[in-house]
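The chain contents come next:
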Amino acid sequence: MLELSNLCVRYGHIRALEGVSLTLKAGEALAVAGMNGAGKSSLVRAICGLVPVREGQVRLDGQAITGRPLHRLEGVALVPEGRVLAPSLSVSETLWLGAGRVSARTLAARRDGVLARFPELAGRLTQRAGTLSGGEATMLALARGLMAAPRILILDEPSLGLSPAATARVFDTLAELRQDGIGVLIVEQNLHLALGFADRFLLLQHGRPVGEGSTAEADRSAGLEELLLGH
Amino acid sequence: MLLDLVQNTVDGLAVGAAYGLLALGFTLIFGVMRRLNIAFGPSIMIGIFAGAWLHAEWSVGMVPVFLAVLAGAVITAAYVERISFAAIRGDAALASMASSFAIWMQLEEAVARVFPGRTYGFPTFDGMPMIEIGPVLLRPEYLVMLVTAAALVAALQWGLAHTRFGLELRTLADRPEAARVSGVNVARVAFLTFLLAAAIGGIAGFLIAAADGQITPKIGLWATIKGLIAMVIGGLGSLRGALIGGLVLGVVEANAQWFLGAAGREMTTYALLFLALVLLPAGLAGRTEAGARAEAERRL
Chain A
1 MLELSNLCVR YGHIRALEGV SLTLKAGEAL AVAGMNGAGK SSLVRAICGL
51 VPVREGQVRL DGQAITGRPL HRLEGVALVP EGRVLAPSLS VSETLWLGAG
101 RVSARTLAAR RDGVLARFPE LAGRLTQRAG TLSGGEATML ALARGLMAAP
151 RILILDEPSL GLSPAATARV FDTLAELRQD GIGVLIVEQN LHLALGFADR
201 FLLLQHGRPV GEGSTAEADR SAGLEELLLG H
Chain B
1 MLLDLVQNTV DGLAVGAAYG LLALGFTLIF GVMRRLNIAF GPSIMIGIFA
51 GAWLHAEWSV GMVPVFLAVL AGAVITAAYV ERISFAAIRG DAALASMASS
101 FAIWMQLEEA VARVFPGRTY GFPTFDGMPM IEIGPVLLRP EYLVMLVTAA
151 ALVAALQWGL AHTRFGLELR TLADRPEAAR VSGVNVARVA FLTFLLAAAI
201 GGIAGFLIAA ADGQITPKIG LWATIKGLIA MVIGGLGSLR GALIGGLVLG
251 VVEANAQWFL GAAGREMTTY ALLFLALVLL PAGLAGRTEA GARAEAERRL
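For the record, the sequence lines run as chains A and B. 174 is the number that UniProt numbering gives to position 174 of the first sequence; each next residue is one higher, with no gaps. 252 is the number that UniProt numbering gives to position 252 of the second sequence; each next residue is one higher, with no gaps.
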C-alpha cells in the first residue's frame, strides 16, 4: 500500500504541494485531477524521488520511502508525462532498461510477460523508440514501467496526444493491471476518462487538496467539474 | 612525394588513433554529463608520471608501468569527478569546467614540485623490429597504437551494445530524463563513465609516452588540446566522430610536419580546428546524429 501523509513540495518560494495525503491499496485506482499548475506532476515526481520533499512522508507497504530515488524504489514504476523514451534505444533495449539490474532469467520472464500483454511491441523489438507512433510509444512507456514488476504504477497524463482508439487501449490495459493486483495512481486531465476508470479521486488546486472521495460520488458532484474548469 | 604522403598518412593514422582515444575519453564524459572535463589531460599526466617514477625507481617492465599509468589516471579522475562534477549541480556546466580548470592547475603544480626537471624518460617498446609494407615503413610502437586503439574501440562498442552499464550510459547520453524515470542510478553511471574515460585516456597516454620515450609536465596540456581538437573536428558527443576526428587530426599533422615543418604543423592544426568550427560546427559525424536525434525527439 502506498501512503502519503501531509506531503509538501516547494520550488524556492513557490509552494507546489501543500499538505497532500492519500492512500492507494493493491488493485485500487486513484485519479489525481486538477487544472494546469495544480501540482499533479509535482505529486508524481515527489513520490518517485525526482523532486525533494520539504515536509511529510511517503510510505510503501509501511516502509518510509520519502525522497528515495526510483533506482532505490523497488515496487514503484513511473510512466511519465510525454512518455520520456530514449529515441536511440530499440524497443527491446527500452524494456531491458525498465527491468533494472536483474538476472537474465528474471529479465526474460518479465519480458515474456510484458510482450504477452503488448503483442504489438513483440514485432518491433529491434525498432528504435524514436520511430514509433504516439500510441506505440505510450505502450512502450507503459511496458517499460511494467518491466520493473511494480506493485504501484504511477502514470502522468497517459492519454496526452493519443487517438481515442489508442487511449482506450491504454485504459483497457490499466484495467487488466488492476485485476492483477497492481495499484494505479493516474494523473489525467481528461476528467471523464479518469473518473470512469478510477475507484477514487483526489482533486488538487494550487497544490492543495480541495476534494477527494469515491468516483461514484464525483459523478454526482456538480462542483468537481466547475473546480476543474475554473468557474 | 607521393611515397612521402603515403608514409606520413600511415604514421598519422597511428598517432591519430591515440588522439582518437583521447577524444573518446572527452566525448564519453561530455556525452553523459554535458560538461567538459578540462582536467582530463592532467589526470592522464599523473598516470604517466606515476609509471615513469615506477620505472625509474624500480626498473620495472612495461606491464607494471602500464598498470601504474592506468591506476594513476583512474584514481586522479575519481578525485576530479568528486570535486568538480559530483559536488556541483548538473546544470552548472560552466562551474564544473572552471573547477576542473582549477584542478588542472593544482595537478600540474603538484607534478612540477615532485618532478622539478623539464624532461623525464619513459620506457619504450625496445627490441621490436621495424615493419616493412612494400616501400612504407611502420614503427612497431605505431602498430601497437593502431592495434590497441582498434581493439579498445571494438571492446567499447561491444560493451555499450551488450552490457547493462552500456545500456544505461547510452540512455543517459541520449536522454538523461529517460534514464532517471527508468530507475537508472544516474550518479553511479556518471562516475563509472568518468573512470572509463580516464582508463581509455590512460591507455592512450601510455602509448604516446612509450612511443616518444620521454615526458614533460606539459603532456597534460598536450593531451587536453589534442583530445579537445579531435573531439570538436569529429563532433561533440559522437563516439564515432571522436575517432574520425583523431584520425583526421593525426594524418593532417603528420603531413603538415613533413611538408611545412614544426611551426607549420601547429598552424595547420589550428587552421583545421577553425575550419571545422566554421564549416562543420557539429563536426564530421555530429551533424547527422544530432539531426536524427532531434527528429526522433520530435516524434516522441
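Because the hints were derived from the structure by calculation, they are not lab data. Heads up, some of the hints might be wrong.
As the list claims (entries may be wrong) - Only some residues are given here: those of chain A computed to face chain B with a beta carbon under 10 Å:
hint, residue
1, I14
2, L50
3, P52
4, V53
5, A64
6, G67
7, H71
8, R72
9, L73
10, V76
11, W96
12, R101
13, R105
14, R144
15, L162
16, S163
Virtual Cβ for every residue (Gly too), placed ideally from N, Cα, C.
Quiz item: Going back to the hint list, which numbers does this structure go against?
Solution: 1, 3, 4, 5, 6, 13, 15 and 16
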